[in-house]
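> Starting from the known structure of chain Y, arrange chain X on it as the hints suggest.
So the protein lines, in turn, are chains Y and X. Everything in the first sequence is counted per my numbering, starting at 133 for the first residue and increasing by one. Everything in the second sequence is counted per my numbering, starting at 133 for the first residue and increasing by one.
Derived from the structure by calculation, the hints contain no laboratory data. Be a bit skeptical, because a hint or two may be false.
[What the hints assert, rightly or not] The calculated DSS-like cross-link candidates involving lysine-lysine, where the alpha carbons are at most 30 Å apart (straight line), are:
#1 LYS238/Y <-> LYS261/Y
#2 LYS289/Y <-> LYS246/X
#3 LYS140/X <-> LYS243/Y
#4 LYS246/Y <-> LYS261/Y
#5 LYS261/X <-> LYS192/X
#6 LYS140/X <-> LYS246/X
#7 LYS140/X <-> LYS238/X
#8 LYS243/Y <-> LYS140/Y
#9 LYS238/Y <-> LYS192/Y
#10 LYS261/X <-> LYS243/X
#11 LYS192/Y <-> LYS246/X
#12 LYS243/X <-> LYS289/Y
#13 LYS238/Y <-> LYS289/X
#14 LYS261/X <-> LYS238/X
#15 LYS192/X <-> LYS243/X
#16 LYS289/Y <-> LYS289/X
#17 LYS243/Y <-> LYS192/X
#18 LYS192/Y <-> LYS140/Y
#19 LYS246/Y <-> LYS140/X
#20 LYS140/Y <-> LYS243/X
#21 LYS243/Y <-> LYS247/X
#22 LYS247/Y <-> LYS140/X
#23 LYS238/X <-> LYS238/Y
#24 LYS289/Y <-> LYS238/X
#25 LYS247/X <-> LYS261/X
#26 LYS140/Y <-> LYS289/X
#27 LYS140/X <-> LYS289/X
#28 LYS246/Y <-> LYS289/X
#29 LYS247/Y <-> LYS192/X
Number of protein chains: 2
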Amino acid sequence: MIVVRAAKVGDGHMLMQTTRELGASHGWGEDMTTQAVDFERDLFCANPIIGAALAFSNEKFAGSALWHRSYATSRGQEVMYLEDLVVLPEFRRLGVAEALLRLVAKTAVSKGYKKIFWLVRDWNIGAQKLYQNIGAEIENGNCYCSLHDDALLEFAK
Amino acid sequence: MIVVRAAKVGDGHMLMQTTRELGASHGWGEDMTTQAVDFERDLFCANPIIGAALAFSNEKFAGSALWHRSYATSRGQEVMYLEDLVVLPEFRRLGVAEALLRLVAKTAVSKGYKKIFWLVRDWNIGAQKLYQNIGAEIENGNCYCSLHDDALLEFAK
Chain Y
133 MIVVRAAKVG DGHMLMQTTR ELGASHGWGE DMTTQAVDFE RDLFCANPII GAALAFSNEK
193 FAGSALWHRS YATSRGQEVM YLEDLVVLPE FRRLGVAEAL LRLVAKTAVS KGYKKIFWLV
253 RDWNIGAQKL YQNIGAEIEN GNCYCSLHDD ALLEFAK
Chain X
133 MIVVRAAKVG DGHMLMQTTR ELGASHGWGE DMTTQAVDFE RDLFCANPII GAALAFSNEK
193 FAGSALWHRS YATSRGQEVM YLEDLVVLPE FRRLGVAEAL LRLVAKTAVS KGYKKIFWLV
253 RDWNIGAQKL YQNIGAEIEN GNCYCSLHDD ALLEFAK
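Bound conformation, chain Y alone:
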């Protein structure tokens, strides 16, 4: 049995568990500097820009979704960006991802957002099938660009 709910104060340590899982699969290694207090601070401040949903399978923490407020220039409106969707390995193929996505979608609708967007790697066909099944459109052929840390400081001089 899968239960999903919005994040509440004290969930930071569980969000760290999924973030570590994500970091391991992405090879972030020691580049990952996040701590549980970061989530506690940023989820529960005044005017937060992030939100999170947690899933439990038979009361065990099974996965999480973390989204942030985003903006669609084509609409002149806020929309929602899904930053992370993580299911812990021992809880895969149980419907956890879809349950999390549905709660994120309900949250978006309740906030008046008309769109959620996110990225997926092109080799991740399993995830893409799930996204298509829930009604998402998928556009191939995008590159993710980032300018960060020393390179950002250098260019900003």
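Structure of chain X alone, referenced to chain Y:
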């Protein structure tokens, strides 16, 4: 001569000009519902999540960049997402894009953000070269997923 500056009240009509240009190149057509008042409202509210930079070539409006606050789970920190970078056709190859990117980078640094990220289509080699020249990393093979409007409402039921 290229001059760049942060958006100020009353710039909404110029941002509409670049948004229309972007919409034309992306084939948004009548899906584009943005109006100048949307930018005025969302740029200059309390706690805005978006920001914009405008470029002028010999005092003529030449292009704009629009960014929004974003979040890096790997850092537990806000970062910056560059939503749009548009140079009007008659002002291309003059350094407008790089000048806008530099102002965005300076803005990021001044706000304490350690990363800017954005997307580019994989066929847009010219833009990718510019981004590499300024120190950006580019990762191929991403898909852009979106769940919106009726499909979002349907899934959120």
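> Against the 30 Å threshold, does the CA-CA distance of LYS289/Y and LYS289/X hold or violate the hint?
Violated, at about 50 Å.
> Holds or violated: LYS140/X and LYS289/X, Cα atoms, limit 30 Å.
Violated, because 40 Å separates the two Cα atoms, which is more than 30 Å.
> Straight-line Cα separation of LYS192/X and LYS243/X no greater than 30 Å?
With a Cα-Cα distance of about 28 Å, the restraint between LYS192/X and LYS243/X holds, given a limit of 30 Å.
> Keeping to a limit of 30 Å between CA atoms, is the pair of LYS140/Y and LYS289/X held or broken?
23 Å, holds
> Check whether the Cα positions of LYS246/Y and LYS289/X lie no farther apart than 30 Å.
14 Å, holds
> If you draw a straight line from the CA of LYS243/X to the CA of LYS289/Y, is it 30 Å or shorter?
Holds, at about 14 Å.
> LYS192/Y and LYS140/Y: Cα distance at most 30 Å?
This hinted pair holds, its Cα atoms lying about 16 Å apart.
> Sort out whether LYS192/X lies within 30 Å of LYS261/X, counting only the CA atoms.
26 Å, holds
> Given the hint that LYS247/Y pairs with LYS192/X, test it: the Cα-Cα distance must not exceed 30 Å.
34 Å, violated
> Holds or violated: are the alpha carbons of LYS238/Y and LYS289/X at most 30 Å from each other?
7 Å, holds
> Hinted pair, alpha-carbon criterion (30 Å max): LYS289/Y, LYS246/X. Please report holds or violated.
14 Å, holds
> Please work out if LYS261/X and LYS243/X have their alpha carbons no farther apart than 30 Å.
27 Å, holds
Of the numbered hints stated above, those contradicted by the structure are hints 11, 16, 17, 23, 27, 29, listed in ascending order.
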